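From first to last, the protein sequence lines are chains P and Y. Here the first sequence is numbered in the working numbering, starting from 1 and rising by one per residue. Here the second sequence is numbered in the working numbering, starting from 1 and rising by one per residue.
Treat the hints with care, as some may be off.
Unchecked claim - Simulated crosslink set (DSSO-like; lysine-lysine; CA at most 30 Å straight-line): (1) 133(P) - 123(P); (2) 20(Y) - 82(P); (3) 104(P) - 89(Y); (4) 88(P) - 133(P); (5) 38(P) - 101(Y); (6) 104(P) - 38(P); (7) 4(Y) - 136(P); (8) 48(Y) - 133(P); (9) 170(P) - 82(P); (10) 88(P) - 89(Y); (11) 101(Y) - 68(P); (12) 20(Y) - 68(P); (13) 20(Y) - 136(P); (14) 4(Y) - 79(P); (15) 88(P) - 101(Y); (16) 68(Y) - 48(Y); (17) 104(P) - 68(Y); (18) 68(Y) - 170(P); (19) 20(Y) - 133(P); (20) 88(P) - 170(P); (21) 24(Y) - 89(Y); (22) 123(P) - 68(Y); (23) 133(P) - 170(P); (24) 101(Y) - 133(P); (25) 79(P) - 123(P); (26) 4(Y) - 104(P); (27) 104(P) - 5(Y); (28) 68(P) - 68(Y); (29) 123(P) - 136(P).
These are calculated hints, taken from the structure and not from any lab test. Since the structure is predicted, the reported quantities are computational estimates derived from the model, not experimental observations.
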Amino acid sequence: MVTRYGGIVVAAIVLVLAGCASPASREGMALQSPVFGKQFPYSIRVQTSGGSETSALDTINISDSDLKAAIEDAVVQSKLFKSVVQGKDGSDYELNVRVIYFSKPIFGGTLTVEFETAWSLIKVGDRSVVMRKSVKSSGTVTMSEAFAFVTRARLAVEAAARENIRQGLKAISELDL
Amino acid sequence: MYVKKIPEDGREINLLIADKLRTKGVTVTTGTEPPVSNVDAVVTYIDKWMWDITMYMLELTITIRDPKTDFPIATGNSFHTSLTRLSPKEMVNEVVENIYKGAK
Numbered sequence: 001m002v003t004r005y006g007g008i009v010v011a012a013i014v015l016v017l018a019g020c021a022s023p024a025s026r027e028g029m030a031l032q033s034p035v036f037g038k039q040f041p042y043s044i045r046v047q048t049s050g051g052s053e054t055s056a057l058d059t060i061n062i063s064d065s066d067l068k069a070a071i072e073d074a075v076v077q078s079k080l081f082k083s084v085v086q087g088k089d090g091s092d093y094e095l096n097v098r099v100i101y102f103s104k105p106i107f108g109g110t111l112t113v114e115f116e117t118a119w120s121l122i123k124v125g126d127r128s129v130v131m132r133k134s135v136k137s138s139g140t141v142t143m144s145e146a147f148a149f150v151t152r153a154r155l156a157v158e159a160a161a162r163e164n165i166r167q168g169l170k171a172i173s174e175l176d177l
Numbered sequence: 001m002y003v004k005k006i007p008e009d010g011r012e013i014n015l016l017i018a019d020k021l022r023t024k025g026v027t028v029t030t031g032t033e034p035p036v037s038n039v040d041a042v043v044t045y046i047d048k049w050m051w052d053i054t055m056y057m058l059e060l061t062i063t064i065r066d067p068k069t070d071f072p073i074a075t076g077n078s079f080h081t082s083l084t085r086l087s088p089k090e091m092v093n094e095v096v097e098n099i100y101k102g103a104k
């Protein structure tokens with residue numbers, strides 16, 4: 001009987017420590033003071049796809065809206081483009097970022113998340129594709145940084161996403177638009 | 001198309017993918033070497049396995065890429081935990097069918 005209750009207590013502790021999956025947040029994916037060394041005098045519209053929402057019983061995901069917001073924040077903060085346009089009309093360039101893959105951590109101590117996105121930049125005027133690039137990044141978080149698994153997993157995903165956004169915008173900044 | 005085998009893949013998922021693509025009328029070769037220059041697309045995959053009484057494929061992502069730039073042209077993913085587990089062949093079928101549905 002004692003053993004049975006002990007098992008239930010251990011299971012309860014594991015559930016509490018594991019918790020429910022929480023999605024990668026816009027704030028967590030935001031770049032801190034991004035600088036790309038170039039400022040294009042054009043407006044841009046950002047679209048994202050391939051992400052998904054995180055439900056309570058699901059593994060961690062990145063939502064399209066949060067990824068879009070994080071990219072837009074980085075563009076605005078770095079002043080890489082003159083302005084970010086919402087809606088379908090009125091932008092000089094259109095940036096499409098599609099989530100291709102990210103490794104969803106299931107368990108482990110030090111978590112490393114691999115992340116790949118497909119970036120394409122289109123000049124709206126003539127619909128020409130000025131950049132198509134596969135951007136691969138990773139993020140690692142150790143147990144000393146976050147003890148709870150769900151927090152560690154979220155931080156690793158956010159770190160991978162931040163690095164991905166940084167690489168993608170850096171590639172755009174190297175273009176001659 | 002050329003299905004690029006992951007060198008560590010002892011389960012030969014590349015062969016399942018190649019077979020499935022052949023049923024779609026695609027001419028497919030596969031191997032670990034870099035693709036020859038005349039292929040129209042390179043197919044890469046990432047398979048993740050878990051243990052629950054027996055090993056099962058937890059997740060499969062297949063990506064069809066431009067052979068020159070590595071840019072992902074199309075991708076598909078399947079994620080099944082132990083309760084809804086599928087065989088590797090079924091996972092491949094599901095992902096490839098999803099890619100073709102998305103392309104229409």
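Broken hints, by number: Violated: hints 2, 5, 6, 10, 12, 14.
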